[in-house]
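Student: The lines below spell out each chain.
Protein chains: 2
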Amino acid sequence: MYFITSNEGKFREVREMAAKYGIEVEWLKMEYLEPQGNSLEEIARVSAEMLSSQIEDEFFLEDSGLFIEALKGFPGPYSSYVFKTIGNEGILKLMNGVEDRRAYFMAVVAYFDGSTVRTFTGKVEGEIAREMRGTQGFGYDPIFLYGDKTFAEMSTEEKNRVSHRRRALEEFFRWLKENKS
Amino acid sequence: MYFITSNEGKFREVREMAAKYGIEVEWLKMEYLEPQGNSLEEIARVSAEMLSSQIEDEFFLEDSGLFIEALKGFPGPYSSYVFKTIGNEGILKLMNGVEDRRAYFMAVVAYFDGSTVRTFTGKVEGEIAREMRGTQGFGYDPIFLYGDKTFAEMSTEEKNRVSHRRRALEEFFRWLKENKS
Numbered sequence: 075m076y077f078i079t080s081n082e083g084k085f086r087e088v089r090e091m092a093a094k095y096g097i098e099v100e101w102l103k104m105e106y107l108e109p110q111g112n113s114l115e116e117i118a119r120v121s122a123e124m125l126s127s128q129i130e131d132e133f134f135l136e137d138s139g140l141f142i143e144a145l146k147g148f149p150g151p152y153s154s155y156v157f158k159t160i161g162n163e164g165i166l167k168l169m170n171g172v173e174d175r176r177a178y179f180m181a182v183v184a185y186f187d188g189s190t191v192r193t194f195t196g197k198v199e200g201e202i203a204r205e206m207r208g209t210q211g212f213g214y215d216p217i218f219l220y221g222d223k224t225f226a227e228m229s230t231e232e233k234n235r236v237s238h239r240r241r242a243l244e245e246f247f248r249w250l251k252e253n254k255s
Numbered sequence: 075m076y077f078i079t080s081n082e083g084k085f086r087e088v089r090e091m092a093a094k095y096g097i098e099v100e101w102l103k104m105e106y107l108e109p110q111g112n113s114l115e116e117i118a119r120v121s122a123e124m125l126s127s128q129i130e131d132e133f134f135l136e137d138s139g140l141f142i143e144a145l146k147g148f149p150g151p152y153s154s155y156v157f158k159t160i161g162n163e164g165i166l167k168l169m170n171g172v173e174d175r176r177a178y179f180m181a182v183v184a185y186f187d188g189s190t191v192r193t194f195t196g197k198v199e200g201e202i203a204r205e206m207r208g209t210q211g212f213g214y215d216p217i218f219l220y221g222d223k224t225f226a227e228m229s230t231e232e233k234n235r236v237s238h239r240r241r242a243l244e245e246f247f248r249w250l251k252e253n254k255s
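Just so you know, the sequences run in chain order A and B.
For the first sequence, the working numbering assigns the number 75 to the initial residue and increments by one for each residue that follows.
For the second sequence, the working numbering assigns the number 75 to the initial residue and increments by one for each residue that follows.
Chain A with its partners taken away, still in its complex shape:
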């Protein structure tokens, strides 16, 4: 089955996790059209539906974002654009003086089985730190506190044990084992 992404690091992570479930994943390296939308789930679903008109085989894709409660879910579905423009500095500035620090990372996997699209989600709850900490990982990791460490202060292994992406993928792989083998 194909995993669609333009990001090699993501592909390696996904392949490794799939292998534990005895599932073999091939890399379909491409960028695809993502729609704008109100939720990550809707965006992943519609992306997969649009791709399904070009790709006949089974495939899946993954999308994720950071949702901050006090900012009505911002940056949410547009996390990657927001990171490229205002970055972690911008988020910390927006959260300056804000007491409610609750936030979560969410990942959605959209899977096309040759006829329909199904989605699986994973979530990890934490808080927005008061300043950037740590050098591991990427993106919003330095400002996302999980317990007393930020994601950027954890090893890849430590982070992968609890990550939203891991959780969404496990949901998906477990479902596959039960329903498609």
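Simulated from the structure, these hints should not be mistaken for laboratory data.
Where hints are given, some of them may not hold.
Since the list can't tell identical chains apart, any single copy or any two copies may satisfy a pair.
Unchecked claim - Straight-line distance between alpha carbons at most 27 Å, and here's what the computed BS3-like set of lysine-lysine pairs gives:
(1) K158 / K146
(2) K254 / K197
(3) K251 / K223
(4) K158 / K223
(5) K223 / K197
(6) K167 / K146
(7) K158 / K254
(8) K197 / K103
(9) K94 / K167
(10) K84 / K103
(11) K146 / K223
(12) K84 / K167
(13) K103 / K223
Here the structure is a predicted model, which is why all the values come from computation and not from measurement.
Since the structure of chain A is already known, use the hints to place chain B on it.
Tutor: Leaving out everything else, chain B in the frame of chain A:
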């Protein structure tokens, strides 16, 4: 020719402006799929291309955004999502202590003539105000300074004389008169 929007106010404004050029515009009230993209021009173009597979007649649509220089163009193509989440308060907070206040509003019209899509842009340059001022207009108008007034301190007429949307539409209507009549 059809103008596609779900917003009645926008339709009325566009119809009025078109009438001055002797162009009759009908309202096709619908929401459509907008892709994510790096530029407003790309988003409007791809939206129109996708719609052109469903609509055979001539149509056009319009999209616009606020681009702030010191924030690398943020909120740009996602202006409407950003407004619904962090709003003008969020933008002012991000701009707190920032000396370079330059910003512009940009509008893009995408027009499908029955066979290809063409785009027209309009831009108005100004600055981000230090605080919200005025009660006219909508969206980012209270923080967009044009000369010594914000867009929200101008009458609709005054604002429409210089607005990005007006400029993009005039480009389009002038082109139509020269090329399609």
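Student: Hint numbers the structure violates, sorted upward?
Tutor: Of the numbered hints, 3, 7, 9, 12 and 13 do not hold.
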